[in-house]
Amino acid sequence: MAKPKVPGLFKGLGVTFGTLMRTATEGSNTIQYPHEKETPPVRARGVIALHEGNCTSCMLCARSCPDWCIYIEGHKELAPPRRAGGSPRKVNKLDRFDIDYALCMYCGICVEVCPFDALFWSPEYEYSEPRIADLLHDKSKLGEWMETVPEAPELEAGADKKGKK
Amino acid sequence: MNAAVLSADLAYWAQSLLRVLGGLVAVLLPAGTIVYLFLFKMMSFMQSRLGPMEAGPYGSMQLFAEVGKWLQKEDIYPARADRFLFKIAPLIVLASTFLLVVVVPFGPDAWFTDFEAGVFYMLAVSSVSVLGILIAGWSSANKYSLLGGLRAAGQLIAYELPMVLAVVGVVIQAGTMNMQGIVVAQNAGSMFGWDGLGNPYVLTQFVGFVIFMIAVQAELTQTPFDMPIAESELVSGYMTEYSGFRFLIFFIGEFATAGVFSMIASVLFLGGWAVPFSWFGWTNLNDIDNWMNVAGPLILFTKMVVLSFIIMWVRFSFPRFREDQLQRFAWKVLIPVSLVNIMLTAIFKVAF
Amino acid sequence: MSLLGDRQQLAYIASQAADARVNVELETEGMTLNIGPQHPATHGTLRIIARLDGEQVIWAEPSAGYMHRGYEKLTEVRTYPQVTALVNRIDWLGSFANEVPFILAAEKLMGVEAPSRAQHIRTILFELSRIANVSLFLGDLGVQLGAVTPVFFAFRDREYVLNLIEAATGGRFHPNFDRIGGLKEDLPAGFIDETRNVMKKLRTFCDQIEDLLFGNEIFQSRTRGIGVIPKDVALQYGMSGANLRASGVDWDLRRDQSLPMAWNKVDWKVITHPDGDSFARCWVRLQEVRESTRIVDQLLDTIPAGPVMAKVPKIIKVPEGEAWVSTENPLGEMGYYVVSQGDMGPFRVKIRSASFNNISIVPWLLKGVYVPDIITILASLYFILGDIDR
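Line by line, the protein sequences are chains V, A and C.
Using this note's numbering, you'd call the opening residue of the first sequence number 16 and step up by one each time.
Using this note's numbering, you'd call the opening residue of the second sequence number 21 and step up by one each time.
Using this note's numbering, you'd call the opening residue of the third sequence number 435 and step up by one each time.
Simulated from the structure, these hints should not be mistaken for laboratory data.
Incorrect hints may appear among the rest.
To be verified - Keeping only pairs whose Cα atoms sit at most 25 Å apart, straight-line, the calculated SDA-like set for lysine to any residue is:
no., chain 1, residue 1, chain 2, residue 2
1, V, 26, A, 230
2, A, 163, C, 468
3, C, 618, V, 26
4, C, 748, V, 69
5, C, 703, C, 760
6, A, 352, C, 703
Next up, chain V with everything else stripped away, as it sits in the complex (with noise of 0.2 Å):
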């Protein structure tokens, strides 16, 4: 019952005859890149984006980042009281954000460090700069990739869900 053998020099032959005829028929595994375009998975880390109001600028995401490509300056302000009467409130204004985007190794512990959810992911990637000094993304750049924050995936069947945002 042994199959008759066929020399390996013909069988490779094959194989790259077989992919021929399978990419002119079925197309190729490529994506001709700007024509068309390729949506990343929800979760992948692409661009960090900033709510600037939940941001207190308490310096968490700055100091836990592993190449120090954060950089936040602020300032208190006194703001209105929440009642009438009360005492005005101490807030912590931003005056700075700034993410170096060509310093940033993409490894998200600002976005997981973050207690007020001011720092989100965001799977957009093209915003390669011809000058490298623009990867410098001031808060109203970061404040701009909020828009493009999707949704949290659903989960796996079998996930604990509770207690996760």
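Got chain V; can you put chains A and C on it based on the hints?
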């Protein structure tokens, strides 16, 4: 191109100009076709990708873009290179291609020269490129280039012999060394009295054909015999130090030679430019209608594409041999087999 | 002992030959060839200094360190979560597998254990990164030996695996998904079905590579009997992983250790090959990809429900102590020796990476081979430069 006809009413300079233009077309057109059709497109398709798509429709202008890129690049010499030899090496390689195309017949009257000893001449000038490669390897003053050049010399000399011996069978069968004569002999011949297909020597000389194609593969330094270039071992072998226009010449030389050798193989084994003569009731070269001078090159071109498809297919599928394995294969397998082939051909020739 | 004996004998022969140099014309001068640091065959910046006689190597030595990034020192000034992001970059093709032994060592020190769902997912991702890593090796092997097509097949099918890793962790190459006590988050919906499809595709890929490359007579003649490493020599040089198993040593840390991972819950076998030559090393890796797809398939069926994170404090301080954990990474044994003094970051970390030990055999192995065989042997030893230089 049609020198025999044109010689009556054209001045010598016009004839020469036509020949030069014809030669350029005959060398560059196959090279361009092979590069686009096989190197860009077929290789990509075999690897589940599309290849160049941006320059022109389906990337068909990519070749011109590449040439433009190479022409812009700086022509770099290594400091310790032998300048003169370094400069002329690519030209020698390309010159051998032009010398080869001289004897290929494209139609009943469309040829550059009609040598009586065409096959002999073809085998002789095909070795000229070895000289260029050796010079390139030596003059680059680079150890990788030197190794590549020496490998090329050893390999091309080893494969010259099986190639000669494979062709000897054809020459015996055709009874002539004239390439045109071989074409006529194939298409006017018959197989056991049936002349519907003529007598293409790929059927009677199949062993010779296979050996010839293997030797061509080695002569062209295509995988599995690409040790002189061997980019994973020797960076680029003898081409390592070349850049810009000189690299382009090597590149054109490589693929133009592939085209010309495919043409020669189709002349020797597949019946060349002609269709079997019995289809139109021709008996010899003088009967043939003039339109074959136009159709002939196209037929030859088609056959060339088929044969270079095989060359490139093998190139994209196989890994490469080691240098000593290649020598062993040439001397211990190919040469004995082709000698036996010659003997059998001679016996049959005498017997029938 | 036998090595020493050989060396003495060689020295004796050399001295005799030096005395007997009568025929000056036949004497050849050796040529020193620098293979690398920038060379297509060294995938990275490994430099091999070889002395050649013609095309034969008479002496060769690898010179590493052109890409040293000082991870052991960096870990001393980073906190534990930051170290996880760093060590991703050691073996950059199978990066998830780099995190696991470090996290396991830290967990061992803290005395926590990840929930069983987290262990399962860790093992799945570990095997996925092994597949991504080794399938690229199978393609790269073709390029090293002159076949251009397999590498594109490898990139094509590795892409599916990378997409899976990206869908689960957010990073294609640097997942940074492990946390002390479990995982960052659970798998996204649809991951299990998608993974099953991809495993099918990868088995087809293995068949294709087998037909295209391993069955090819030219490939076999290039690799069989080239760079033979006997069992005892392999052990003496501290080799590990598929290189060791190809020399006939039945040794696999996934089976031989009881780590809090899910390997011992599924049915798989350790692949060995008795020959110890280049072909054996490549063949073992090919079979291991197949075996990994089987492991992943079985783990997907048995994945338990539950949380993926154990109860650990938000700010991690690892108690004083020392721990050593090593796992069977795609390239071989990779381990971390973590010394903690109770701080937020480790006091000292020793990283044992597989490639560094695997290439230390190169001077022994390259003696007397031809230049093309250098490439075959280096390709079949399969190192990743980040794994050598760290």
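Evaluated hints:
{"no.": "1", "hint": "V:26 with A:230", "result": "18 Å, holds"}
{"no.": "2", "hint": "A:163 with C:468", "result": "9 Å, holds"}
{"no.": "3", "hint": "C:618 with V:26", "result": "46 Å, violated"}
{"no.": "4", "hint": "C:748 with V:69", "result": "20 Å, holds"}
{"no.": "5", "hint": "C:703 with C:760", "result": "20 Å, holds"}
{"no.": "6", "hint": "A:352 with C:703", "result": "43 Å, violated"}
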